[in-house]
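With the hints as extra help, turn the sequences into a complete structure.
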Amino acid sequence: MQIRLATEMDLEQLVLLFDEYRQELGQGSDLSRCREFLRARLLENDSMIFIATEGDYPVAFTQVFPSFSSLLLKPLWYLDDLFVLPDYRGQGIAKELTCRARTLAEDAKVLAVKREFGELSQQVETDGTEQGLYHALL
1 MQIRLATEMD LEQLVLLFDE YRQELGQGSD LSRCREFLRA RLLENDSMIF
51 IATEGDYPVA FTQVFPSFSS LLLKPLWYLD DLFVLPDYRG QGIAKELTCR
101 ARTLAEDAKV LAVKREFGEL SQQVETDGTE QGLYHALL
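Be aware that the sequence shown starts at 1, since it is given in UniProt numbering, and climbs by one per residue.
To be clear, the hints were calculated from the coordinates, so they are not data collected in a lab.
Hints are supplied without guarantee of correctness; some may be wrong.
No more than 20 Å apart at the CA atoms, straight line, and that leaves these computed lysine to any residue pairs for SDA-like [unchecked claim]:
| no. | residue 1 | residue 2 |
| --- | --- | --- |
| 1 | Lys74 | Glu54 |
| 2 | Lys74 | Lys109 |
| 3 | Lys95 | Gln2 |
| 4 | Lys74 | Ser47 |
| 5 | Lys95 | Asp46 |
| 6 | Lys109 | Pro58 |
| 7 | Lys109 | Thr98 |
| 8 | Lys109 | Phe65 |
| 9 | Lys74 | Lys95 |
| 10 | Lys74 | Val110 |
| 11 | Lys95 | Phe65 |
| 12 | Lys109 | Leu5 |
| 13 | Lys109 | Leu85 |
| 14 | Lys109 | Asn45 |
| 15 | Lys109 | Asp80 |
| 16 | Lys109 | Gly92 |
| 17 | Lys74 | Asp107 |
| 18 | Lys109 | Pro66 |
| 19 | Lys95 | Asn45 |
| 20 | Lys95 | Asp81 |
| 21 | Lys95 | Asp30 |
| 22 | Lys95 | Arg33 |
| 23 | Lys95 | Leu85 |
| 24 | Lys74 | Asp46 |
| 25 | Lys74 | Leu104 |
| 26 | Lys95 | Tyr57 |
| 27 | Lys95 | Ser32 |
| 28 | Lys95 | Asp107 |
Being a predicted model, the structure only gives us computed values, none of them experimental.
Following this line, the structure appears as structure tokens:
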């Protein structure tokens, strides 16, 4: 299993994963719009997409969006999208993707925030003081 930052050369593989991810969350298939969206993210460099591959076959991805915390006066990254193909679930791939994003955030000295669908909760991956402050505001 290899996990790395995606590039524009990964676009077509990402489109298929991203479209399946959206369908799993109740959206209709739309390969064209998924392609446009992901191409823009890769070209404009306004998100980081990690892709997990088994050989040359893409099996999972996570997408991280940079933002800022006005209250903490710090940059933060939202881990917004996380998807693993059904046949590859339960193997720790999602955890590895999350760890890779968290490590990059720590190296860049930014907060890493994980959004959770269906809930109004966010988990801040940082030291306890800031975490408590951030959770108190939700």
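Right, here's what the structure says about each hint:
1. Distance check on the hinted pair: Lys74 and Glu54 sit about 36 Å apart at the alpha-carbon level, beyond 20 Å; violated.
2. Between Lys74 and Lys109 the CA atoms are separated by roughly 9 Å; this keeps the pair inside 20 Å, and the hint holds.
3. For the given pair, Lys95 sits about 13 Å from Gln2 by alpha-carbon distance, which is consistent with the 20 Å threshold.
4. For the suggested pair Lys74 and Ser47, the alpha carbons sit about 17 Å apart, so the restraint of at most 20 Å is met.
5. For the hint linking Lys95 to Asp46, the alpha-carbon distance of about 23 Å lies beyond 20 Å, and the restraint is violated.
6. At most 20 Å may separate the alpha-carbon atoms for a hinted pair to count; Lys109 and Pro58 exceed this at roughly 29 Å.
7. Between Lys109 and Thr98 the alpha-carbon distance is near 16 Å, which keeps this suggested pair within the 20 Å criterion.
8. Our distance criterion of 20 Å between C-alpha atoms is met by Lys109 and Phe65, whose separation comes to about 15 Å.
9. Of the supplied pair hints, the one linking Lys74 and Lys95 is violated, its CA atoms being roughly 25 Å apart against a limit of 20 Å.
10. For a cut-off of 20 Å, the pair hint linking Lys74 to Val110 stands: about 7 Å separates their Cα positions.
11. Annotation: proposed proximity of Lys95 to Phe65 holds, straight-line Cα distance about 18 Å (limit 20 Å).
12. Only pairs whose Cα atoms come within 20 Å are accepted, and Lys109 paired with Leu5 is accepted, the gap being roughly 18 Å.
13. Distance check on the hinted pair: Lys109 and Leu85 sit about 31 Å apart at the alpha-carbon level, beyond 20 Å; violated.
14. A threshold of 20 Å between alpha carbons decides the hint, and for Lys109 with Asn45 the separation of about 19 Å falls inside it, so the pair holds.
15. Note on Lys109 and Asp80: the hinted pairing holds, with a Cα-Cα distance of about 19 Å set against a maximum of 20 Å.
16. The straight-line distance between the Cα atoms of Lys109 and Gly92 is roughly 25 Å, outside the 20 Å bound, and the hint therefore fails.
17. This hinted pair checks out: Lys74 and Asp107 have alpha carbons roughly 14 Å apart, not beyond 20 Å.
18. Restraint check for Lys109 and Pro66: satisfied, since their Cα atoms lie roughly 12 Å apart, inside the 20 Å limit.
19. Taking the CA atoms of Lys95 and Asn45, the gap is near 24 Å; set against the 20 Å cutoff, the hint is violated.
20. Using a Cα cut-off of 20 Å, the hinted pair Lys95 and Asp81 holds, with the two alpha carbons roughly 13 Å apart.
21. Proximity of Lys95 to Asp30 is assessed by CA-CA distance (about 28 Å); at most 20 Å being required, the pair is judged violated.
22. Proximity of Lys95 to Arg33 is assessed by CA-CA distance (about 28 Å); at most 20 Å being required, the pair is judged violated.
23. A distance of roughly 14 Å separates the Cα atoms of Lys95 and Leu85; the hinted pair therefore holds under the 20 Å criterion.
24. Restraint check for Lys74 and Asp46: satisfied, since their Cα atoms lie roughly 17 Å apart, inside the 20 Å limit.
25. Using a Cα cut-off of 20 Å, the hinted pair Lys74 and Leu104 holds, with the two alpha carbons roughly 16 Å apart.
26. Proximity of Lys95 to Tyr57 is assessed by CA-CA distance (about 19 Å); at most 20 Å being required, the pair is judged to hold.
27. Simply put, Lys95 and Ser32 have alpha-carbon atoms about 29 Å apart, too far for the 20 Å limit, and the pair is violated.
28. Straight-line distance between C-alpha atoms of Lys95 and Asp107 comes to about 18 Å, which keeps the hinted pair within the 20 Å bound.
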